[in-house]
Structures are given as C-alpha cells and as structure tokens.
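**Student:** Chains as they are written, first to last, in numbering that gives the first Met the number 0: chain A, 0 to 66; chain B, 0 to 66; chain C, 0 to 66; chain D, 0 to 66; chain E, 0 to 66; chain F, 0 to 66.
All the pointers check out, no bait thrown in.
Pairs involving identical chains hold if they fit within one copy or between any two copies, as the list cannot separate such chains.
With a cut-off of at most 27 angstroms between alpha-carbon atoms, the simulated BS3-like pairs for lysine-lysine come out as follows:
hint, residue 1, residue 2
1, Lys48, Lys27
2, Lys27, Lys1
3, Lys66, Lys48
4, Lys14, Lys27
5, Lys14, Lys48
6, Lys66, Lys1
7, Lys66, Lys43
8, Lys43, Lys14
9, Lys14, Lys66
10, Lys27, Lys66
11, Lys43, Lys27
12, Lys1, Lys43
13, Lys1, Lys48
Bear in mind the hints are in silico, worked out from the structure with no lab data behind them.
There are 6 protein chains.
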Amino acid sequence: MKLSARNQFQGTVTKITEGQAMAEVTVKVGTLEFVAAITEGSVKSMGLKVNDSVLVAVKATEVMIGK
Amino acid sequence: MKLSARNQFQGTVTKITEGQAMAEVTVKVGTLEFVAAITEGSVKSMGLKVNDSVLVAVKATEVMIGK
Amino acid sequence: MKLSARNQFQGTVTKITEGQAMAEVTVKVGTLEFVAAITEGSVKSMGLKVNDSVLVAVKATEVMIGK
Amino acid sequence: MKLSARNQFQGTVTKITEGQAMAEVTVKVGTLEFVAAITEGSVKSMGLKVNDSVLVAVKATEVMIGK
Amino acid sequence: MKLSARNQFQGTVTKITEGQAMAEVTVKVGTLEFVAAITEGSVKSMGLKVNDSVLVAVKATEVMIGK
Amino acid sequence: MKLSARNQFQGTVTKITEGQAMAEVTVKVGTLEFVAAITEGSVKSMGLKVNDSVLVAVKATEVMIGK
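Bound-form chain A, shown alone:
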C-alpha cells in the first residue's frame, strides 16, 4: 500500500514508554531519532515492541520549518 504522507522513513523501534491512554514510541532512522505519541491501544493492537522494523509516516501539513 502507498500512503499519501510525503514523509515516510523506515526505522527500528528503540524504546516504548506506555501510559494509560497514550504511549511514546522512539524509532531510530539511520542516525536520526523520531518520537511518536500514539494511543496505548495502538501499541497493544499492533503488538509493537523494541527492535520492531517500522515505518514512520508524517503528513506534509504537520511539518513546521524554522530558519
């Protein structure tokens, strides 16, 4: 499946911090580190765990530029 998200990178989960409603997932993409805040329900239903190979996807409309 192709996604419309213009920012898509393949990486590896390095850390998962679980909360009651939300969880924080850290993903290493080459030398960069991404952090995703997703629902705890998604972590459970995807069976997400450290070392999983995952895709990081971000819509272009969510990207801010600083100069």
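Given the coordinates of chain A, work out where chains B, C, D, E and F should sit on it, guided by the hints.
**Tutor:** Just chains B, C, D, E and F, lined up with the frame of chain A:
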C-alpha cells in the same frame, strides 16, 4: 529557543513549489528528504529560498507508525 | 502493513480537486463522505483518480468531539 | 454553529478510557467506529459519558490516503 | 454545542486569501491575529467573509511550546 | 530563529499537569488561556515550570473556524 517538538532535524531547502494559499517546501536532512506544506505567507515572511539552512520540526502527536 | 492510526476506513474516491500545491480528495465510505487535503505531489505520485479504492486514515489525536 | 472541518459525523460514545493527561473516546457512527484522543480536561469539562450523542470532527488536512 | 478543543477564542475575520484547493483566513481576537488554512470548499460552504464573527478552535495536541 | 507557524504568541506558563506519556501545559497570553498537550519527555527536557515565559506556536493548518 528550545521547542517542545520531539522531532527536530537540521537540513537544507532543496525545492519550493509555490501556490496561491499554500506552498510545498522540500528539505534534505542527511540522506532523508522531508516535505512541508506551509502557507505561502510563511514562505514570503521568512524569505525562504533554496539552499537555506532550516530546522524541520514535527510534534510527536503527528507521527504515525506502520508495521 | 498495519498502521497505528485508530481511524481507518476503506472507501472509493469520488472527486479530486487539484491546486498548485494542495489538492482536495473526496472519498465515499459507505454512506459517509470524507474529504482529505493532501499535497498535489501525493496525488501525482500515487496516481490517484476517481473510482480508486483507497484507505482513509486519521490519527486519534486529530479527532475533535462536539456535544 | 457551522464548523470548517470537512469531516463531521454524528455518533454515540461507546467507551471512554481515562488517563492522567489524555483520554481515549470511542464513538460509533453507523457501522464505523471512531477513536479520539482528547485531553482528560475536555472529558471532565464536557461531562462526556458513554451513550452521549456527539459530533466527530476532523479537518481535511489531517486525513491521510492509502492506496 | 461544546467542542473538546481546549483552545477556543471568539474573533472577527479580517482577511481571506483564496486559492484553488486551500484558503487562508485571518481572524482578529482582541489584539492577537490568528491565521487558519482551511479548504476553499469550507470558505464557500460556510459563506465566510470579512467582518464575520467566528470561533477559532485548536486542539491541545496541535500546540507547540518554545522556551 | 523564525518559525513558519503563522500563530505565535508570547505567554506565561500557569499550570502543568503531568501524566505518564503526555502532559498538559496551560499558558496565559494576555487575557487568553492556551492549553498544549505535549509529551512528558518535552516537559522534562525543556525543564518547563510554572511562571516560565514561553512561546505558543500553532500551524495555520491546525486551526478550525466555527461560524
């Protein structure tokens, strides 16, 4: 200034596609390519142009994971 | 691939309005109609056209409730 | 009041999972199930509870397409 | 109707810049100026025009902090 | 640094509600009160505390209009 955005990467603008209300800005970060959809007004007020050194910032809540 | 987005629905593209930087895509999901604003670049690279079967995906953090 | 959100659907709250800062609200819209991650403060101030009739609203810019 | 958005302010439309797919709407709230990028379709269907009294609504998950 | 966010306001932190993965930060901007849901990790790494002078930044694409 420190930003709360958990995803912050330094890169270089490689392309700007301008529209009437929105513009699309491509930023190279190492070997990765980010695309930001920002308002045409931001491109103008920041004086954004190709080869500018910029920061790409994305909130953790905007990051989706695929597995 | 499983996506972390908690809102995922299968539908059919019924209309595409193209602009210079952004495009508007209408998707029929059963009796509901969704509208997505994605970059014109995504419409092109995905080869999106009317009658395509597509997935609509929205992160839980993007959903507002009114009562 | 009319909202600019292009995705607006009427439904019924079927589940609320409360956390310290965030809560997860599930809303049934016909045969579809939506999940919203909103602040715990919103759940409290709106007095949201199971069986409430609610509106689900999502901006077009937040909708991703997969094909 | 009460909205779950934690940021809601009453203001007046001062400017509308229309594009093909997206439009930019400027709203004055007291001494502050907000800018919203909404679809051109929303501007049309709401009949939005300068001097309209409007509500500006932003989810807490969309707010970034800088320090 | 200039940010592309079209909504940027200077304010003062008046309250921080911490959770396991997410935190809620209230910021007073003149007579308005903004609420930001950011990761607990951001609160920690920025050393955010009540009375801090901060910037509130929101992308135009995240602003909804009601009329």
